[in-house]
Amino acid sequence: MASALTVSLAGCSNGSHASDQVIVTGSTTIQPIAEVAKEGFERAHPGVRILVSGVGSSAGIENVIAGTADIGTSSRDLKGDELHAGLVDTPIAYDAIAVIVNPSNPVDGLTKAQVKAIFEGRITNWKQVGGPDMEIGLVNRDEASGTREAFFKIVLDKERFDPTAVVLPGTGQVRSVVAQAPSAIGYISLGFVTPEVKALAIDGVEPSEEAVVNGRYPISRVLHFLTRGEPTGLVKEFIDYVLSPEVQEDVVRDAGFIPVTAKDAHQ
Amino acid sequence: MSETQTSSAPRELKLMSRSTYLKEAALKNLFMLCATMAVAGVVLIFLFVGWRGWPVFSEVGLKGFLGGSEWLPTQGLFGILPLLVGSLVVTLGALALGAPLAVGTAVFLSEIAPPRVRSVVRPAVELLAGVPSVVFGFFGLLVVRPIVADLTGGLGFGPLTAWLILAIMIVPTIATLTEDALGSVPDGIREASYAMGATTWQTIWRVLLPAAKIGIIDAVILGMGRAIGETMAVLMVVGNAPVFFRGIGKPVSTLTSQIVMDMPYASGVHRTALFGLAIILFLISMGLVGLVRGLSRLREGTR
Numbered sequence: 006m007a008s009a010l011t012v013s014l015a016g017c018s019n020g021s022h023a024s025d026q027v028i029v030t031g032s033t034t035i036q037p038i039a040e041v042a043k044e045g046f047e048r049a050h051p052g053v054r055i056l057v058s059g060v061g062s063s064a065g066i067e068n069v070i071a072g073t074a075d076i077g078t079s080s081r082d083l084k085g086d087e088l089h090a091g092l093v094d095t096p097i098a099y100d101a102i103a104v105i106v107n108p109s110n111p112v113d114g115l116t117k118a119q120v121k122a123i124f125e126g127r128i129t130n131w132k133q134v135g136g137p138d139m140e141i142g143l144v145n146r147d148e149a150s151g152t153r154e155a156f157f158k159i160v161l162d163k164e165r166f167d168p169t170a171v172v173l174p175g176t177g178q179v180r181s182v183v184a185q186a187p188s189a190i191g192y193i194s195l196g197f198v199t200p201e202v203k204a205l206a207i208d209g210v211e212p213s214e215e216a217v218v219n220g221r222y223p224i225s226r227v228l229h230f231l232t233r234g235e236p237t238g239l240v241k242e243f244i245d246y247v248l249s250p251e252v253q254e255d256v257v258r259d260a261g262f263i264p265v266t267a268k269d270a271h272q
Numbered sequence: 261m262s263e264t265q266t267s268s269a270p271r272e273l274k275l276m277s278r279s280t281y282l283k284e285a286a287l288k289n290l291f292m293l294c295a296t297m298a299v300a301g302v303v304l305i306f307l308f309v310g311w312r313g314w315p316v317f318s319e320v321g322l323k324g325f326l327g328g329s330e331w332l333p334t335q336g337l338f339g340i341l342p343l344l345v346g347s348l349v350v351t352l353g354a355l356a357l358g359a360p361l362a363v364g365t366a367v368f369l370s371e372i373a374p375p376r377v378r379s380v381v382r383p384a385v386e387l388l389a390g391v392p393s394v395v396f397g398f399f400g401l402l403v404v405r406p407i408v409a410d411l412t413g414g415l416g417f418g419p420l421t422a423w424l425i426l427a428i429m430i431v432p433t434i435a436t437l438t439e440d441a442l443g444s445v446p447d448g449i450r451e452a453s454y455a456m457g458a459t460t461w462q463t464i465w466r467v468l469l470p471a472a473k474i475g476i477i478d479a480v481i482l483g484m485g486r487a488i489g490e491t492m493a494v495l496m497v498v499g500n501a502p503v504f505f506r507g508i509g510k511p512v513s514t515l516t517s518q519i520v521m522d523m524p525y526a527s528g529v530h531r532t533a534l535f536g537l538a539i540i541l542f543l544i545s546m547g548l549v550g551l552v553r554g555l556s557r558l559r560e561g562t563r
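In order, the protein sequence lines correspond to chains A and B. Per my numbering, the first sequence starts with residue 6, numbered consecutively. Per my numbering, the second sequence starts with residue 261, numbered consecutively.
Hints were generated in silico from the structure; no laboratory data involved. Warning: the hint list may mix true and false statements.
To be verified - Computed from the model, here is a short list of chain A residues facing chain B with C-beta under 7 Å:
hint	residue
1	G142
2	A149
3	P168
4	V172
5	A189
Stated by the list, open to error - The following residues of chain B were derived to be distant from chain A, with all beta-carbon distances above 10 Å:
hint	residue
6	I305
7	G310
8	R312
9	S318
10	L341
11	G364
12	T436
13	G448
14	R450
15	L482
What the hints assert, rightly or not - Footprint (simulated), chain A over chain B, 3 or more residues, beta carbon under 8 Å:
hint	segment
16	325–337
17	400–413
18	496–507
19	510–521
Every value quoted in this text rests on a predicted model; they were computed, and no experiment measured them. Cβ atoms here follow ideal geometry from the backbone N, Cα and C, with glycine treated the same way.
Next up, chain A with everything else stripped away, as it sits in the complex (with noise of 0.2 Å):
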């Protein structure tokens, strides 16, 4: 269906009506920033169609390499071949996720490698990672969580998850499960971080919005878009309205990102 869908689109933008729509297509981790982008967008740009599909980074990447789309999205960093394709790369926001305990828990901090093995289900209990003796409650997201995905690929490094985790499906039920739980350990992207639980250094740097678009808190990727050569026209005036205060502020920290303005703030 969405290989249909994207070929279809193709055909659109070698015709005529390449002029006045734009072609995003990529990761799922940026749909919803596209999509309330482009309702914005086109509302401030009658006439103007934005078309946002998502079908993953990969895809989104080799579309705009091969020239079907206009903006290729991605939740990864190029590798390989695709460093050499000729791509401009935008980033237009950061996704850190947050390992997150019960504020009473005294475990602090854990190093990437003891979140992967917790995780993993190969530490199962706090004194292994000195706490105190009590069984670790892990808490996973669903599978159709990109949460889920950008953490499965940063810290388990596509290992398998230990499948007799609790599986809740959404970040709100995470973080209330973790706030009243004192044996909890979960994760949420770090912008929906409260209070209420307690956000856990990772190799002994603290999450904060500084630590992540300084790069050094392990966490965390940089959200893409990716164009064939400077964008030009529509594309750069697409490209930019993603960058203004306006999308960057509300949209993007409403999706729990953090804008790349903040980079400026924090150098």
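Following the hints, put chain B in place on chain A, whose structure we already have.
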């Protein structure tokens, strides 16, 4: 049966005006249409689920689907045994807790409660049936789960929490039907029992419950249908880990909750497998309804 005969009799005698006759005929057809819609709904849903889910038996295979012990969609494993076991454990436990509670409520309402108490308890039980299941789920997640966590260790997600919530959710279904069954026991039997010098308890335990037995079993089976099909409340408290039952305080998953968890992102074989789960649920429901029909026939036979 006898009612339809009496209602059609006046027409044959031509004792009604033409307009009344037309109105009657229109109403008859309207009601028939209503009944047909319900049947068509069931048939269409069954055909749709069957059509979308049937390929699972060729794509995953009967053995891999019904006999598989691992549900790992991302690795192409679609074994439903852990989910089936989870559903059965959750349902049977809920029945074990909820059925005595509900039958007790019904006995109280039907045999013991004075009218004034009954006028408070019965609406309360009926109100329970109207509480949305997501509300039960929230109650379970925020109130029952921490208590279970203290009892069993761990996080409190698992069968025990689901049992406690479901036990309350199935009370209205079982209590209402059991009360009907007790009400249909002829008063003569009660009077005979008391006349023999039996106490209230002896009358209830030795006479009324046995007399209403089949009706009560009916009620429990329908309660079971409610429990096995419940999705939202179970999803929120059961933990949703697609592994075999390992203890009352450890997360498991059920057929219904797995369908909801996976549906948003499933595609291809995975989606087909979810429809396969729906087929299994449908067959279980059909089996339960068939059982109830069979028992009702048995009850009519004994009378």
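### Hints violated by the structure (numbers, ascending)
Those not satisfied: there are none.
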